[in-house]
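**Student:** Sequence:
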Amino acid sequence: MSDMSTGLTASRLKLLLVVLLFLGPLFAAFVWYYGFDARLAPQGQSNHAPLITPVVQIEEFENQLLAGDTVKFPVLKRKWSIVHILGSSCDNFCKRSLYNTRQTRIAVGKDLHRIQRLIILDDPKLAGQVDLNHADAIVISPGQSGIERQLAPIIDAAGAGVYDAILIDPLGNAMMIIPLDLDPGLLLKDLKKLLKLSHIG
Numbered sequence: 038m039s040d041m042s043t044g045l046t047a048s049r050l051k052l053l054l055v056v057l058l059f060l061g062p063l064f065a066a067f068v069w070y071y072g073f074d075a076r077l078a079p080q081g082q083s084n085h086a087p088l089i090t091p092v093v094q095i096e097e098f099e100n101q102l103l104a105g106d107t108v109k110f111p112v113l114k115r116k117w118s119i120v121h122i123l124g125s126s127c128d129n130f131c132k133r134s135l136y137n138t139r140q141t142r143i144a145v146g147k148d149l150h151r152i153q154r155l156i157i158l159d160d161p162k163l164a165g166q167v168d169l170n171h172a173d174a175i176v177i178s179p180g181q182s183g184i185e186r187q188l189a190p191i192i193d194a195a196g197a198g199v200y201d202a203i204l205i206d207p208l209g210n211a212m213m214i215i216p217l218d219l220d221p222g223l224l225l226k227d228l229k230k231l232l233k234l235s236h237i238g
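The sequence shown begins at 38 in this note's numbering and counts up by one.
Derived from the structure by calculation, the hints contain no laboratory data. We treat Cβ as the ideally placed atom computed from N, Cα and C, and that holds for glycine. You may find that some hints are simply not true.
Straight-line distance between alpha carbons at most 27 Å, and here's what the computed DSS-like set of lysine-lysine pairs gives [stated by the list, open to error]: (1) K226 to K116; (2) K51 to K132; (3) K132 to K147; (4) K116 to K147; (5) K162 to K233; (6) K132 to K162; (7) K226 to K132; (8) K51 to K147; (9) K116 to K230; (10) K116 to K233.
Between beta-carbon pairs, the in silico distance windows are [what the hints assert, rightly or not]: (11) S48 to K109: 44 to 52 Å; (12) L208 to N129: 31 to 39 Å; (13) P111 to S48: 42 to 50 Å; (14) L169 to G198: 20 to 28 Å; (15) S48 to F110: 39 to 47 Å; (16) H236 to G198: 26 to 34 Å; (17) P111 to V145: 16 to 24 Å.
Just need the whole structure built from these sequences, with the hints factored in.
**Tutor:** Pasting the structure below:
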């Protein structure tokens, strides 16, 4: 009886070892990505744009397109989303920020369909200017349960500037700040790396 018990224990240990061999690296990567400060990552693999650590899961929200239709959380699914929040005016710094993300998205090339831009307009008077220069973007207005209410504390906590954008992954996680002064070429490198590593979006 003891031999049988010993055999079962050995079989269970072997099974546990096989499971750990397969799931161990995945678990370690998960903990590294979501649990450690980005400053602890190897310098050769760091992003040029600062990461939001830990990432923040965006919850359900509701905004309106300027045309009147409703935009909800599913709009974030299966795409990488660059989100800009505009104030009551768009000065030269604001225009530069929008221009940089638009041109970087184009420069991604064949994968540009995996990236979308959301522009939140506080003042509808800016709509004509934005539509003219950024026809590729989804333009929405703020709402009582709008996404901007969730992004505001993330921006404050990250110390982001008023013209900085936020990158949200295809699972709805706010995970990176895109600073106004980041060289678009470096942003392009970050986006290409994320698209290459990601099997979603």
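**Student:** Against each hint, give a clear statement of whether it holds in the structure.
**Tutor:** Each hint, compared with the structure:
For the proposed pair K226 and K116, the alpha carbon gap of about 18 Å is at most 27 Å, so the pair holds. Between K51 and K132 the CA atoms are separated by roughly 60 Å; this puts the pair beyond 27 Å, and the hint is violated. Our distance criterion of 27 Å between C-alpha atoms is met by K132 and K147, whose separation comes to about 25 Å. Between K116 and K147 the alpha-carbon distance is near 14 Å, which keeps this suggested pair within the 27 Å criterion.
A threshold of 27 Å between alpha carbons decides the hint, and for K162 with K233 the separation of about 38 Å lies outside it, so the pair is violated. A threshold of 27 Å between alpha carbons decides the hint, and for K132 with K162 the separation of about 15 Å falls inside it, so the pair holds. A hinted pair counts as satisfied when its Cα atoms are at most 27 Å apart, and K226 with K132 qualifies at roughly 22 Å. Straight-line distance between C-alpha atoms of K51 and K147 comes to about 45 Å, which puts the hinted pair past the 27 Å bound.
Taking the CA atoms of K116 and K230, the gap is near 15 Å; set against the 27 Å cutoff, the hint holds. With a C-alpha separation of about 13 Å, the suggested pairing of K116 with K233 holds against the 27 Å cut-off. For S48 and K109, the hinted distance range of 44 to 52 Å is satisfied, since their beta carbons lie about 49 Å from each other. Checking the proposed 31 to 39 Å range against L208 and N129 shows it holds: the Cβ atoms sit about 34 Å from each other.
For the pair P111 and S48, the beta carbons lie near 45 Å from each other, so the given range of 42 to 50 Å is met. Against the hinted window of 20 to 28 Å, the Cβ-Cβ separation of L169 and G198 comes to about 25 Å, which satisfies the hint. The beta-carbon spacing between S48 and F110, approximately 45 Å, falls within the hinted interval of 39 to 47 Å. Take H236 and G198: their Cβ atoms lie about 32 Å apart, and the range 26 to 34 Å holds.
Between P111 and V145 the C-beta distance comes to about 23 Å, which sits within the given range of 16 to 24 Å.
When held up to the earlier numbered hints, the structure conflicts with 2, 5 and 8 and fits the remainder.
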